[in-house]
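With chain B fixed as given, assemble chains W, H and S onto it according to the hints.
4 protein chains.
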Amino acid sequence: MAPVSDRIELLIDTFASVRSATTDICQPLEVEDYVIQTAVYMSPPRWHLGHTTWFFEMLLKSHLPGYEVYDERFLYLFNSYYDGFGKRIDRHRRGTFARPTVARVYDYRRAVDSAMSRLLQQIDSLPAADEIARTVRLGLEHEIQHQELLVYDIKHLLCDEYKPVRLHPLPAAAPIGGEVEIEGGIFRLGYDGGDFSYDNEQPAHRVFVLPFAIDRRPVTNEEFRAFVDDGGYSDYRWWLSEGWAKVRAEQWEAPLYWEQHDGLWFERGYRGLRELAANEPVTHVSFYEAAAYAKWAGKRLPTEAEWEMAACWDPIRGEKLKFPWGDEAPAEHHANLFENALWNPAPAGSFAAGESPSGCRQMIGDAWEWTMSDYAPYPGFKPQFDEYNDKWFINQKVLRGGSYATPRSHIRTTYRNFFHPDERWMVSGFRCARTIQAD
Amino acid sequence: MAPVSDRIELLIDTFASVRSATTDICQPLEVEDYVIQTAVYMSPPRWHLGHTTWFFEMLLKSHLPGYEVYDERFLYLFNSYYDGFGKRIDRHRRGTFARPTVARVYDYRRAVDSAMSRLLQQIDSLPAADEIARTVRLGLEHEIQHQELLVYDIKHLLCDEYKPVRLHPLPAAAPIGGEVEIEGGIFRLGYDGGDFSYDNEQPAHRVFVLPFAIDRRPVTNEEFRAFVDDGGYSDYRWWLSEGWAKVRAEQWEAPLYWEQHDGLWFERGYRGLRELAANEPVTHVSFYEAAAYAKWAGKRLPTEAEWEMAACWDPIRGEKLKFPWGDEAPAEHHANLFENALWNPAPAGSFAAGESPSGCRQMIGDAWEWTMSDYAPYPGFKPQFDEYNDKWFINQKVLRGGSYATPRSHIRTTYRNFFHPDERWMVSGFRCARTIQAD
Amino acid sequence: MAPVSDRIELLIDTFASVRSATTDICQPLEVEDYVIQTAVYMSPPRWHLGHTTWFFEMLLKSHLPGYEVYDERFLYLFNSYYDGFGKRIDRHRRGTFARPTVARVYDYRRAVDSAMSRLLQQIDSLPAADEIARTVRLGLEHEIQHQELLVYDIKHLLCDEYKPVRLHPLPAAAPIGGEVEIEGGIFRLGYDGGDFSYDNEQPAHRVFVLPFAIDRRPVTNEEFRAFVDDGGYSDYRWWLSEGWAKVRAEQWEAPLYWEQHDGLWFERGYRGLRELAANEPVTHVSFYEAAAYAKWAGKRLPTEAEWEMAACWDPIRGEKLKFPWGDEAPAEHHANLFENALWNPAPAGSFAAGESPSGCRQMIGDAWEWTMSDYAPYPGFKPQFDEYNDKWFINQKVLRGGSYATPRSHIRTTYRNFFHPDERWMVSGFRCARTIQAD
Amino acid sequence: MAPVSDRIELLIDTFASVRSATTDICQPLEVEDYVIQTAVYMSPPRWHLGHTTWFFEMLLKSHLPGYEVYDERFLYLFNSYYDGFGKRIDRHRRGTFARPTVARVYDYRRAVDSAMSRLLQQIDSLPAADEIARTVRLGLEHEIQHQELLVYDIKHLLCDEYKPVRLHPLPAAAPIGGEVEIEGGIFRLGYDGGDFSYDNEQPAHRVFVLPFAIDRRPVTNEEFRAFVDDGGYSDYRWWLSEGWAKVRAEQWEAPLYWEQHDGLWFERGYRGLRELAANEPVTHVSFYEAAAYAKWAGKRLPTEAEWEMAACWDPIRGEKLKFPWGDEAPAEHHANLFENALWNPAPAGSFAAGESPSGCRQMIGDAWEWTMSDYAPYPGFKPQFDEYNDKWFINQKVLRGGSYATPRSHIRTTYRNFFHPDERWMVSGFRCARTIQAD
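Line by line, the protein sequences give chains B, W, H and S. Take the first sequence: its letters are residues 16 to 454, numbered as in the numbering used here. Take the second sequence: its letters are residues 16 to 454, numbered as in the numbering used here. Take the third sequence: its letters are residues 16 to 454, numbered as in the numbering used here. Take the fourth sequence: its letters are residues 16 to 454, numbered as in the numbering used here.
Just chain B, same shape as in the assembly:
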């Protein structure tokens, strides 16, 4: 491990860049945009700014000698769900208080950042240095996660009224299709690198995977529209029972953000209201919709082991690769990760150089992909962070990959994202799979 002083410098640098990335996303917002909550699953940008700061303030309270809480009320307003830190505002009421003003929350950020700077400067002299460093790292990963949520939330709040600072042209792509076959066998699932990962990715452990086929690329808008046009949303046969109840209760007729005008389908996004781009991955579908499509298509969703194998298993070398494309990502692929984002999934088939060893594309950087795997602990799981990942091990499905809203530093082939099966406000898509031989 590097000497502490190097680590500190890196920590301080990372801290500054992560923190400013959060506010960068907010730069185009009006004051009003910061405080509105459009739906119970959405949080106002002001709240994200406050909550990510609160996370570090909790650290300061424990470890910076003489630190005084910035404002007692913020402890109530900006705690998300940590029972260990006391009472907090109900989630659905995050948009019901007028104060603090946005300006004051920015002051709060600056004050906490400044105190964090003091803490990090003296970290060597503190007995809990390792724990602090570990918690800072967690806080930064946590903030990166919230950056992605911010993007989803802003989409729900403003959609085409939000103007990203940079908006790059979408790449062109030669259409590809079909599926690849993977032989299966014993596979080592999960993270065992030496860098940061969440506890829920560990321990890496053996699983047995039966021979399977998986789509080379995500299901596209055009493919999904065929399901819609075939009456998919009004035929109970394709749906899980609870999905069917949801479809009727919410009167779903298509993915979120799709709109029909004069018989044509459009999609609203950061680029405005555009006629449905046939060749782009379908996004903003729930697990229910993904599973219904797969059943209609005579397939199923992949398990997370299948997905991970398709993403990084190199049968020639007989090993898992760190990234689908090896240790060095092709520059072009980077284009679709958050820091330099397209703010849109790239057309299906883009990034030929980023093909996985098995021949799959776009497993990262376009849309999170639903798997059929329950979000549950791996065998031998040990919680490393209180109330962070393990209290959610129920009623959720694992998504793998990463979307165009996922910060680049947050991408790993082993990363396990999770949402309830009825959620679709995040950038969620899917690809299909099937078992070749069950026995």
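Calculated directly from the structure, the hints in this document are not laboratory data. Where hints are given, some of them may not hold.
When chains are identical, the list treats them as one kind, so a pair holds in a single copy or across two.
[Stated by the list, open to error] Below, simulated PhoX-like cross-link-like pairs (lysine-lysine); rule was C-alpha separation at most 25 Å, straight line:
id	residue 1	residue 2
1	K102	K310
2	K261	K102
3	K397	K337
4	K397	K314
5	K102	K76
6	K397	K310
7	K261	K314
Frame of chain B; chains W, H and S shown alone:
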């Protein structure tokens, strides 16, 4: 009736002053404050600004040749409940949209004001001049009503974080108490003057009132605290059944804005958090609480006929007075009406010069007073405004008088305010009455 | 007052006949029918049998020396809403417990009846004789009320599957129509006879009534169908705001029990499914529907003072009559009261001999009639029964008259029935009125 | 495969015995008990009788020439959730209709049984013989499932007021404890025998299991009480987030049917209210409670592969056994399966002869055991029955084994039961496991 040209000038002047009074109330607000909805019964200030403007825009659409709608989306966002004007946002979702910005709503106001100015200038030449003038007048009365709602809403939103532009010292008052006895008999209830009144105040008509006694002044905080201290909120015997259900469901223990700290009762208001002022009228009580107190005290609430008689019947002259104190209000009394407001009810017994002929004080300008009368049409009622007053003739109780948040031009002895019996976000108090002789 | 011994004999007789009338209604029921709750406002017959018995058991607990509670669990299961008697099952859960069996509830009735018999035999020797007699009388009136509720509940439960023991042919009626005009003036509203009445009918007191017109007979099915056919249920203009919300939420398209088959309207009732009888009073309409019809027809509902005046004021003699038709009811009219019931409203215009002095018919014995009067205490009201009538003085409207399901002994011109404005499971109809001259 | 005629005879016999087993369970019921619904998850016995009959009537409609539907209304009342068979009563309203009477439902059963008998007699002559036989078999399995649900529902409805026809004394048991270690490796999960199994148990397929330890017997009441006494139900740390929300919303303090009296814990069951039997398996716990206990105890729940391996893997022979104890179950073990039931779980450690090859006891016949496995399709899954198992593949957890309420013919080591994680009205318990070595 005055010549049309005079009326127009007056209309134009009144229009300007009413419209600017609305924005005056908003002057101390931060941008964030404009858009937040704290509870389902509350509307964000942005919405009030938009809605009162929408009201005039509907008039422009019908009557100003060539008028083009400012923004089609505003028709949906800023309609309140008028079925005749199409679909509208659900009431509980008035704080869930980020745009238009506050600045743009102010632009909207200016644009509509400017178009209204054009309309009013040419009103003489229009065939519908009378209808237009009548609707403008209604629109102004409507806006005045919203000014009062704005004050209530801002209190719920910000309470002591709102700083009124002017805040006058409360008057001192010699304590008065007791009740006055009124002989009753045939009384002419309702409005029959020649100025504006709502249709629900008409027609004036005869009612028979039995001899009754009524409190000289509103019930005070001190008196109400005795009810609280006596366990009033935990004894079902004082409560109407639906009131008792509300008390338990909402865990009410005292009037809204009362807080207990270290065994002492405080009240939060525009003047900050102050120890309960014993001598001020209790406010922010629901009908249920008012009725429970009255039952506990061995009395009842007055009917609206009793209240109106106590407020303006002069048994010596044998006639109703326009105001409790005659045609000219004493200057001191004016102090507590909105334009020059105390932003607080005055101590009980204030405004000796404003005593009604029967000897009652503070029937206007401190707190609305609950009556036991159902909000129902008077015999011979004819609706004059579509969907304005008559669709609400159910499940509500009449309040009489007016609070310190009631604009002065809105005060009449015959004005019928109405709220559901469980509401208490408005400045509502009460005084007790009893029947002296039932037969 | 009669000597106590006579009163006792009468009490004992009345007790026996009232109690057996309740079980008579239940005679045609299957065991299953006793225990089912079809809707939150409905109570299962088993529950009525238990609750009316519980009422007398509470009396026994207080006054019969040595009385032991029959079954402690029944105190919880069969209390309706009396906070003074402790915890009780939630109203909507009255059909969720399997035991006691129906047979055991009948045992309970017999045991309590037997103990009541012992109490009544020795009443003279008890110091609280008067209070006991008064409470027994109240208990019997209470049970009579529940007999009527039983009929409503059985209709909701079984409708045409319930076969009344006796079912008489409907009378023929010459069609009458039009309205009568009543001069108004000072009228003495409420009960001041010497027999039993509820506290809410007292004290009789003067009111002033303006000249008005009122329909000679209830609104008929044919008339109401015209409103339905005119699109009345899909036009917001006729409806109170909360009524309109109800119509849409419940998808009301016609009165309860109306059914449309092949374009024709039918009504389901104790006589089976019959094509809508044009000439019978419309029943099972809520206040909202009655008020909407009246607005559509250019009229309004009467106040309860108007209704009572139309029912019993004799302008020639200058006095109120005990019954519309004088002291002796014509035999034919009796036919439609409960003990010998038609189990249906009689055709409009029936019972010519039962015309009120003002010329109105069928004010009693066919359908309860909605008035526009709030259910509120009369001036000088004094509660005589704990938690019986006065805790309901909110959010309800007064109905006057009585339906074919009203026991004969329960009929009075001054009787004030009350329901929430959205209720329509009882036999509720209405007639229209209008103010002739408001001033 | 046996000749068709043999199969038919067997089918006819099985049909008769399964159908009468259902009514046997109902024999002790009163009429009232048949029709009451105590909670939304519970169905009244009348409904079970009707629904299981409806299942066969649907078969008759399709395959018995000339069959006429018994009563059209039953198609609506007795369909459970099959969208393919049209509209149906809402689940929570199964106890809100009075008719048909119980007697008529028994008539319905007899009529359908009689028609089924006609169908089965002529099955050879029908072209769809195989499909019919397959559906009859499914219908019988379906009815067996409902027998178990009936037992759960009757417990919720009547608990100790239900008197089983036979009630055997509980066996004595030498206390055993501790865990067994299982080496893991490739294991063949699922059913591949030649007899009936559900589609969700197939196809049998290879999985890889890491070395693990599992409790020799289910967690006992005494062990679970230690968790309760340690404040387990008021410490968020042990709970999944959604479980913790449930605990607070429902105010859970212990397993269902536990009651505390004077500081002692009792359990109510078919044997009455008994002081908590320390040595019996805890039952009526939700997944949330099982998982919370396991976390508190430093363990976890087993996966279904681990559970199945512990139940039937014989490492000596290197094969799965049909039953834990081999092909022939010891007679004593049978005692606790439904047909000759104890109506209670047997004490922990009972049935030594029924030990699995790995040394675990009571994996069958006492309580269903929660696993941490999501209820999801096995790889290569093919639905064999419409809307039967596959529409439920979401938000549920697999339970393995079988309870004392599970009919003997329904027991298989591969049987996958499933419930939502908050359900606890069934006889559900658990045992703990842990991973010995993750890698």
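These are the hints, each one checked on the structure:
1. In this assembly of identical chains, K102 and K310 lie within 25 Å of each other by CA distance solely across copies; the values are 24 Å between and 44 Å within a copy.
2. Only between protomers do K261 and K102 lie at most 25 Å apart by alpha-carbon distance; the minimum there is 17 Å, versus 32 Å within a single protomer.
3. Taking CA atoms no more than 25 Å apart as the test, K397 paired with K337 passes inside one copy only; the shortest distance there is 23 Å, against 35 Å between copies.
4. Taking the shortest alpha-carbon separations for K397 and K314, only the inter-copy value of 11 Å comes in at or below 25 Å, while the best intra-copy value is 34 Å.
5. For the homomeric pair K102 and K76, the shortest alpha-carbon distance inside one copy (17 Å) is at most 25 Å, but the shortest distance between copies (48 Å) is not.
6. Taking CA atoms no more than 25 Å apart as the test, K397 paired with K310 passes between copies only; the shortest distance there is 11 Å, against 36 Å inside one copy.
7. Proximity of K261 to K314 under the C-alpha cut-off of 25 Å is restricted to the intra-copy arrangement: shortest distance 22 Å within a copy versus 35 Å between copies.
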